[in-house]
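Spelled out, the chains give:
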Amino acid sequence: MAQLSYREAVAAAMAQEMRKDPNIVFLGEDVAAAGGVFKATVGLLDEFGPTRVRDMPISEQAILGATMGAAMTGLRPIAEIMFSDFLAVCWDLVANEIAKMRYMTNGQVNLPLVIRAGNGGGARFGAQHSQSVENWAMAIPGIKVVAPSNAADVKGLLAASIQDPDPVLFFEQKSMYGLKCDVPEGDYVLPLGQANISREGSDVTIVALAAMVPKALKAAEILQDKHGLSCEVIDLRTLVPLDTKSIIESVTKTGRLVTVEENPRLCGWGAEIASIAAEELFWNLDAPIMRITTPHIPLASVDKLEDLMIPSVDRIVDVVSEMD
Amino acid sequence: MAQLSYREAVAAAMAQEMRKDPNIVFLGEDVAAAGGVFKATVGLLDEFGPTRVRDMPISEQAILGATMGAAMTGLRPIAEIMFSDFLAVCWDLVANEIAKMRYMTNGQVNLPLVIRAGNGGGARFGAQHSQSVENWAMAIPGIKVVAPSNAADVKGLLAASIQDPDPVLFFEQKSMYGLKCDVPEGDYVLPLGQANISREGSDVTIVALAAMVPKALKAAEILQDKHGLSCEVIDLRTLVPLDTKSIIESVTKTGRLVTVEENPRLCGWGAEIASIAAEELFWNLDAPIMRITTPHIPLASVDKLEDLMIPSVDRIVDVVSEMD
Amino acid sequence: MAKSTEKAGSSGKYPLDKSQQLELYRIMAECRALQQRAHDLFMQNLVKGTTHLGLGQEAIASAFGLAMRKDDYTFCTYRGHNHTYVRGITMTSVLGEIMGRDCGLLRGKGGSMHLTSVENGAMGSYAIIGAHMPIAAGAAWSAQYRGTEQAAVCFFGDGTTNIGAFHEAINHAAIWKLPVVYVCENNQYMEYTAIRDVTAVENPAADRASAYGLESILVDGNDAELMYETAMTALDKARSGGGPSLIEASTYRHFGHSRADPGKYRPDEEVAEWIARDPLPAYRSKLLSVGIDESELAAIDANTESMIDQATEEATNSPPPPDEIAFTDVWADGGAAWRN
Amino acid sequence: MAKSTEKAGSSGKYPLDKSQQLELYRIMAECRALQQRAHDLFMQNLVKGTTHLGLGQEAIASAFGLAMRKDDYTFCTYRGHNHTYVRGITMTSVLGEIMGRDCGLLRGKGGSMHLTSVENGAMGSYAIIGAHMPIAAGAAWSAQYRGTEQAAVCFFGDGTTNIGAFHEAINHAAIWKLPVVYVCENNQYMEYTAIRDVTAVENPAADRASAYGLESILVDGNDAELMYETAMTALDKARSGGGPSLIEASTYRHFGHSRADPGKYRPDEEVAEWIARDPLPAYRSKLLSVGIDESELAAIDANTESMIDQATEEATNSPPPPDEIAFTDVWADGGAAWRN
Ligand SMILES: Cc1ncc(C[n+]2csc(CCOP(=O)(O)OP(=O)(O)O)c2C)c(N)n1
Ligand SMILES: Cc1ncc(C[n+]2csc(CCOP(=O)(O)OP(=O)(O)O)c2C)c(N)n1
Ligand SMILES: [Mg+2]
Ligand SMILES: [Mg+2]
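Chains as they are written, first to last, in numbering that gives the first Met the number 0: chain W, 0 to 323; chain G, 0 to 323; chain X, 0 to 339; chain E, 0 to 339.
Misleading hints may appear alongside valid ones.
[As the list claims (entries may be wrong)] Keeping only pairs whose Cα atoms sit at most 30 Å apart, straight-line, the calculated DSSO-like set for lysine-lysine is:
hint, chain 1, residue 1, chain 2, residue 2
1, G, Lys38, X, Lys263
2, W, Lys179, W, Lys225
3, X, Lys17, X, Lys6
4, W, Lys303, W, Lys225
5, G, Lys19, G, Lys179
6, E, Lys236, E, Lys12
7, X, Lys285, X, Lys17
8, G, Lys19, E, Lys176
9, E, Lys236, E, Lys69
10, E, Lys6, E, Lys236
11, X, Lys236, X, Lys69
12, X, Lys263, G, Lys179
13, E, Lys263, X, Lys176
14, X, Lys176, W, Lys38
15, X, Lys6, E, Lys176
16, W, Lys303, W, Lys38
17, E, Lys176, X, Lys263
18, E, Lys6, E, Lys17
19, X, Lys236, X, Lys17
20, E, Lys285, E, Lys6
21, X, Lys69, X, Lys12
22, X, Lys176, E, Lys6
23, W, Lys252, W, Lys225
24, E, Lys176, E, Lys6
25, G, Lys217, G, Lys303
26, E, Lys285, E, Lys17
27, E, Lys69, E, Lys12
28, E, Lys6, E, Lys263
29, W, Lys19, X, Lys176
30, E, Lys263, W, Lys179
31, W, Lys38, E, Lys263
32, W, Lys217, W, Lys252
33, E, Lys285, E, Lys12
34, E, Lys17, E, Lys69
35, E, Lys176, G, Lys38
36, X, Lys69, X, Lys176
Think of the hints as simulated: they come from the structure by calculation, not from any bench.
With the hints as constraints, model all of the structure from the sequences given.
Here it is in structure tokens:
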């Protein structure tokens, strides 16, 4: 095991896969010579050269269009959209083209591609550079959605996303790029669609994603120590495919469900999971299902206000400890 | 009362408001000379002239950008995005600019604008021209979302949207443009954020929107006749603001909740409402909450397959009649 | 980077021999029959959903069909029957698709606007304006990267030149010198609005070529042999590393924009003038004038007619697709599951 | 529609009198002080979030600041401190915003990238590349419709010329003859990538003007008086119904792209060459050379320094914003409620 940061794990996973398959190519803005504005792709240009690692103009539609066209014709491209907020300028390519092409053509078109994007708040970048838009992606049939919570998962899940035959939107948590953890060396691939039980517990199931996972774990500790509550924390890792099995098993055991999501409140993935539980686990539930989210408001820039908006450890503790 | 079609009600509402306020202007593709590809704006060019009713190039970003810039500086523009699927090519303007500008500027910017778009399936247009994307809009804080189910509501709600000081995304149901009903003559405005109890009942609450409303009503009839079930049908009419009060009152009475939505399954407005009920009405519920949706699949083109995918009267009857 | 508003004449660099001429005529005639039949079937209420016909515009797709290598890629729009047909699919599969039959190219899942035949290099018909332009650049990038000397050809309309994706795609193709040929079929209208009313320059594509460091190419899109020469020139350039081309070919659609549109916004004289320049009879006359025997053309015509009749029968007799396929092929594993 | 790669010289049509010259110098000096102080505060760790400085590019915003009418509209980017400041806001409000204080222009809700002062016609700083270009066209449309002879000015970078919204906005402005002035500040780089590496033409804005039927305008953006003349020409044209202009002004940012960037991708000689062309000392020398007394400039310098010191103190002493405002002003009623 080596200690790698979240950003280093991005480059490690890409390099691992690019070494194996010369058809993997990579493009984006400032990704080659500069190694990415988040420095997550440093070293790839040096190792793989300028025909495989390429800088693009500020043309997100051209980036994703090129990615799609290349994937249709034998390559396995990886694209970087710098901030996930910018998916809005190329959403047509994601939602209308990439996600629908295989289905519309009765299965003729293969799209083995990955779109990486920096996601989420906490960096005080303001409303247009801090959004968590994993729920935008989850709402579109035909695209897989991954959002890892630590460097080890970044390596394993990004490798899996690159190997996957379907289009994957891979959300990297901007606020976590610097965080290190033990990451398996050598070839390391995790399955898509398998949640991680980050902490076992018997009283309440807390479902979280990406930056919300460490907060949920911290809250679970406090809830155990201060309130004697045993929380099971599920790190979803991927939203599509969704590991409903793990959720169902856990809630069947605990009888209580709380979701913690960073996206704004309405129509988030928490609502999807809460609804699944309200249909399929209704008779197992001992208490109302609680969703903890960023309020349905654009994000403020200044630290003090941003911190009020994004779910905090305290809010999780408060909500869980007050559950019936 | 006059009988008007859904499309005639669009033109009627726009004309009603444009007569009162010379700062209301209208732009879109093929909307002026041609009266819109759905013929929903026929007559407006003749009545209000070419400085108020304007044809645009195929430049959706320019259309919504112009709309936003004009709204910021004293006009009250109405934009048409022909098919709601095309919102994907100008989603940045909706999600990142229009929805966030007032908040980011600490309340400085007024955006009294309306974006009208033809929404939904049933016309056999295939996956890129048939989507129901009201859930995309609901997921974005800062934009109001309206989707009427009949011509009378079109008139009242479109008038209200035009008068509203905030940006409104107004979804017109493509498959309903030809449907007529009694529409109040003269000045007619309905409040935004007020659901309509389309049918009263005591056993089950069915929440529906737009084209799903007549289906829910038809299903309610059958459920009464064949199964002796008394269904209350709520036509949401607007998703933001959301009339949770009407939903809560109804479910408190019936103890059962079913949502019927046309958008694909994951993260739809049905999930939002089911989650609200699972949190706030948990102790009032007598049965699992059921969501009826289009499956999480792009839409097929041919009638036979499209009809299998979009919720039908039969599916509503089946689900409701089998509820515990 | 020269700018020209003059239409190009023939360079004589790619003369067609007689067999090629007959082949070009055959392709055009078949496209025409297909479009006419699609229209007739619609009038008989046998077409489901919308259709966008390229009747009147066949010379462009046909010339490219003849000029392209089998392994080249095409990208086209909802008005893509001709462009897809010329790559080698059957008439039955087109008629079946628009009629919603199981024999349809996509078994009814895509519909008229999405004809695609990957095995023939027809990489899709796209219904959101502009989207396929950057996608075509991607296919060209792939060919360049793999070193195959394949080219990608991307057809689009005049109205498409005003959307952002047009700009991004062509700049990208130019800076990476991608082997892609962008072909603007200027049929003078977007849906119901004349292109001149909404465009800052007279020739919506040709007058913008210089913004990407490209040559301005403006041709008569109803002149089949000139289109062939234009296609060959651009394809050769693409294959030899010379980068992209942007071609503007002027033409006209004889019918309205789509099945719903009678096309009444167009002045009668304008329609008449363009119908007089119909590319198919024009090419027929030309072939007669260069000495090709009328019987050879008549044989092609007769064969075309029997093909389209047979296709109509096959499609009409084909059942609708089975229910199950509504729920397949979202993912590479053939399924549609989003959960375990 | 002439195409030019030569930079324009002065026409002498808009000579500045001495008071205007001193005013232009003052505005530039204040912008410079503001940018330098923002940088220093960042180095002291007092800036929250990101900042994008326009240090080195002040001549452009300043000249427009002088040239514009009070009721004109400006639209700018995340690199918008100068453009917003010249419309009449206080230094305190800028420093307060980047430091996250209650005295900030947006009370911390927007941050460095979103400075806006509607009462001064500064209609927003936009952080998604290209978006403000069509929005500026909308403001110009509003002015045209209301018949006010206001103009909208939209500042953007070289990198922005490759995104779709650029294309859509300028075509729209051209066909409607909107009173909008598009100003490309070509500082040679997008974030870390040289613009020449990703653009099909040498001059990313000027070489594309002809694609919209516009004149190609290429100017030295570090020459304050030439910028003033260029601004006046374009504004007069806009007000008199002559339609939009597209100006490319070459310049350079002295620092990196944003606070996180040391700017190491730029060759030392290139940086040195551009610093030698710093617009502020250049204008100072020019004023001295035309006979303005050094004491007059020194008085401006001294006043600027005391202004920026006072603003720093005010901002530093301002508390952070109160919690409540996080939950206000989503809607026109001042609230954030999405349900009843
Ligand atoms: C982004 C987008 N905007 C609008 C439309 C609706 N639409 C379909 S075809 C069309 C006209 C296209 O004109 P042109 O590019 O000239 O092609 P033509 O139909 O003439 O072949 C329009 C506006 C669309 N499909 N996509
Ligand atoms: C749509 C979009 N893509 C990418 C970015 C990230 N980004 C921010 S600034 C910038 C460079 C912009 O370059 P330029 O237009 O030359 O302006 P400058 O920063 O030089 O003033 C980029 C790529 C963005 N904000 N929006
Ligand atoms: Mg056209
Ligand atoms: Mg720049």
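Handout entry: Contradicted hints - numbers only
Key = The structure conflicts with no hint, since it agrees with every one listed earlier.
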